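Residue numbers (our numbering), protein chains in the order written: chain E, 2 to 378; chain Y, 2 to 376.
There are no misleading hints in this set.
Computed list of lysine-lysine pairs in DSSO-like fashion (alpha-carbon distance at most 27 Å, straight line):
no.	chain 1	residue 1	chain 2	residue 2
1	Y	LYS359	Y	LYS73
2	E	LYS32	E	LYS311
3	Y	LYS201	E	LYS117
4	Y	LYS208	E	LYS117
5	Y	LYS48	Y	LYS73
6	Y	LYS208	E	LYS119
7	Y	LYS279	Y	LYS48
8	E	LYS122	Y	LYS208
9	E	LYS366	E	LYS311
10	E	LYS120	E	LYS88
11	E	LYS120	Y	LYS201
12	Y	LYS120	E	LYS201
13	Y	LYS319	Y	LYS29
14	Y	LYS208	E	LYS120
15	E	LYS119	Y	LYS201
16	Y	LYS208	E	LYS88
17	Y	LYS13	E	LYS342
Read the hints as simulated data drawn from the structure, not as lab findings. These figures come from a predicted structure and were not determined experimentally.
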Amino acid sequence: MEVNQILYMNGGDGETSYANNSLIQKGVMLKAKPILEESIVRLSLSSNFPECVKLADFGCSSGPNTLLLAWEIMDIIHATCQRVNRKAPMFQVFLNDLPGNDFNTIFRTLPSFYEKLKKEKGSEFERACFIAGMPGTFYGRLFPDCFLHFVHSSYSLHWRSQVPEGLVGESGVPLNKGNIHIAKTSPHNVLKAYSDLFEKDFTLFLRSRSQEMVPGGHMVLVVMGSTGKADSSSNQSCSIWELLGITLNDMVLEGKVDEAKLDSFNLPYYAPTIEEAKAVIQTEGTFNIHRFETFEVDWDCNIDDDMSNKGYSFGKPGRGKYVAMSIRVVTESMLVGHFGKEIMDDLFERFSSKIEEYLEVEEGKHMNLIISMTKNG
Amino acid sequence: MELLAQSFHMNKAVEGTSYAKNSSIQSKIISITKCITEEAILEVLCKNLPESMGIADLGCSSGPNVLSVISKITNIIYAKCSQSGLPKPPELRIFLNDLYNNDFNGIFGSLPDFYNQMKEVNGNSFGPCFIFGVPASFYGRLFPSNSLHFVHSSSSLHWLSQVPPELDVKASTAINKGHIYICESSPQNVLDSYYRQFQKDFSLFLKSRAEEIVPGGRMVLTFMGRRFMDPTIEEGCYNQLELLAQALMSVAAEGLIPEEKVDTFNTPYYAPCPEEIKLEVEKEGSFVMNRLEVFEIDWDGGSAEASNTVSMGRRVAKLVRAVIEPMLESQFGSDIMDYLFQRYEKILDNHLSKTRSKYINLVISVAKNSEGLGN
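Based on the sequences and whatever the hints tell you, model everything.
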């Protein structure tokens, strides 16, 4: 799987678009806001505050959350500058994601974004903000040296640069049979392959950003995390990916999906533990950690907003569908590439029921890490 | 009509009518002006080789021309640097600008292969190169002050920021009935409206670029124009638009589109003459004009694939359609487009059987003053 080509959120703004199904990610951003705010205020009060602040969002995706972040950051900087009687800076906002991301949909909303800026902040703000797209993988350099003042990334760093190598044994036998990610039946060497790849990827991410940031620049990262191998005391509990894997297994047993196809599919995804993430940061060595915290969001975070946005009138039965859709918009591009388009509707129908059943007896929560750092110097 | 910035774009990737598949004229124009571009870039590099260069292509559109322009520019830079025996090549910050509805996804999708190709072609001369997409109108600021060394713009500046407001009125007060641009019989108020809008737009363009370009930086701008001061003299694109107006009127006469819609449709386009350009450059004051040249190009781009099976009228209609269809659709709806362009094709065939028709293009090369004014 060529991840850089095949990983993208569902584009456009239709029913199965990421734009229309990303309230969970919005909820995550809201929870992270106090730490984001603290970091931006610190940046705004620093002595060598620039005339033009360059900020970048890595893994910006495509939808209302993209520009929401830019708005929040400019808002905080503006308010802080007013408080300390400082001239508000110009902003250059760089939106990064892989080349397959739907940038057109974001860019099309810019005129109304600028209109809103002008209305709420005054006309001098309209031309004080320049927004540009920077397509490419963030596992590697994307910007010139000493260019960026502020770096943000939310719900992107758990995506790996590729599927880990070594998931197929010497005799060609897939090591992670029946699973699409790390699950209870995954052997230790599968876990190690994922963990090693995370270390390699995250190191490259940090090193690249370090060269791109000015000394004293700030970074806030939010990423899905895990608590370690034994996810919880209840041995009935599952990650959302395990549930998806189980759903696919059911389809294999019914002859709807080829067993070899399932065995050879593994998600390019890994949610690190606190220790793993910290270790990489400390080894890379050019960043000071100010805050390192964890928080949880429900699998069905913001479901009420979604229901009122879309005019659904039913209650609980919507949970499975909502959560399944939130996963669909994020994984469909990869699943279609491997399993074909035809099984998608059936897969997600079943997945939705499975989630519904699961949530009757277990809590579904995503664990997340939020890290606030500054670059040395 | 709303400000163009929000809706204007070339035909997207839809089979045969896309801009990407029908931009051979624009490609030819880029080739013809290559020498002037090369000369301008070498001048920038001669003064003092910057460690980091900001380069912008304004009105980049999408399709194969975009990256071919960039690769021409970067090849010139890398070749010069390697010739000068520099220890390391400059870092290039390349900004591809067009309006919000431009197909940036198409460009971005081609970038990974493009970077690989650049590495292969340039080998050791290849240095850090960052390519950004900038969605915004170039009638206004796009970049921080003093951040650009070279600005390129091809086949874009003949598009105005809007239809001149005096023309953008309801049918009862329309002053350019039956036409969609300037023509032989245009009254003075139509001519004045178009010229005023051009002056407003082009002066804002120059002022914005003046703040963004470093002293000694250069700009090479190519766009449709005309040779003579009198804009009612038939030449260049003028006639092509007048023939399109005839096609629209004949479709209206069949009752397929309301005539008022034709009367209230005007293209947000202007082809300036050299004197009009010089005047604005002098008025703005931050740039010195190094070159201003005029060249002709056939309506079908002098297509080498001139074949017996496809008439010139059809070839030309296709090229015009790729560029103007989105605008026509928003006024007349998409259903009538095929029929309209078939009618246009016939009118073009008829015209081209009697007259050789060419576009007039202007190319200007300017340098930002090294000191004082406009910094």
